[in-house]
Amino acid sequence: DTGVSQNPRHKITKRGQNVTFRCDPISEHNRLYWYRQTLGQGPEFLTYFQNEAQLEKSRLLSDRFSAERPKGSFSTLEIQRTEQGDSAMYLCASSRTGSGANVLTFGAGSRLTVL
Amino acid sequence: EDQVTQSPEALRLQEGESSSLNCSYTVSGLRGLFWYRQDPGKGPEFLFTLYSAGEEKEKERLKATLTKKESFLHITAPKPEDSATYLCAVQAAGGGTSYGKLTFGQGTILTVHP
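Protein sequence lines, in the order shown, are assigned to chains A and B.
Per the working numbering, the very first residue in the first sequence carries number 133; after that it's consecutive.
Per the working numbering, the very first residue in the second sequence carries number 992; after that it's consecutive.
The hints are simulated quantities; they were obtained by calculation from the structure and are not laboratory data.
What you are looking at is a predicted structure, and each value in this text was computed from that prediction instead of being measured.
Don't take each hint at face value.
Stated by the list, open to error - For the chain B half of the interface with chain A, some residues (derived, Cβ under 8 Å), not all of them:
(1) R1028
(2) T1040
(3) T1058
(4) K1060
(5) L1093
(6) G1098
In this text, a Cβ means the ideal position worked out from N, Cα and C, and glycines have one as well.
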């Protein structure tokens, strides 16, 4: 068990470019979550998958954001036409079902800087 | 709307100087209250889950308590390695899709000086 893995760890891009982040959850966890964290704030919920189904999306997730989890394994978060306000740490977390379902294991995050 | 407010925003302690962090919350039915620790450049690391008023949990120098409106994280005789940001989060009761949808506070930055 290597924990939740996120790539890339850092991404610097120019405004208007598209970026994609990848998350590999703990292998036996079938729930996967994306959160966003800005400096000095706690994480904010973006979206949630159970297996390959995206079950909930926050209104924070504008039309420029899309998340997928093909085959219920890894997940990608794509941001199109990035804006400076998208600069943040994007955190992925996973959890199991049943006992311990509400305990999230977070990855180290992918930090996005939009110039 | 669920809300979590943590205080103080930052806390500086001398090694061995015990103190408490506060987490006040409003939620439409509490399923669980969580404490996480976050080191710089890393993701949050799970510490405790509390489910009902009166519940207490301990881990090494940390003890978390819960009332109907707030939670405290007590730190006894802290060491420099306890320096981190401590995050409080609530999970609202509701449908099954709410698992893992946490509302976080802004965190308390704890610095313990040797």
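For each hint, the structure was consulted:
1. R1028: Since the shortest Cβ distance to chain A is 11 Å, the answer is violated.
2. T1040: Holds. Min distance 6 Å.
3. T1058: Violated: closest Cβ of chain A sits about 20 Å from T1058(B), beyond 8 Å.
4. K1060: violated (19 Å)
5. L1093: holds (7 Å)
6. G1098: Since the shortest Cβ distance to chain A is 5 Å, the answer is holds.
The earlier numbered hints that this structure contradicts are 1, 3 and 4.
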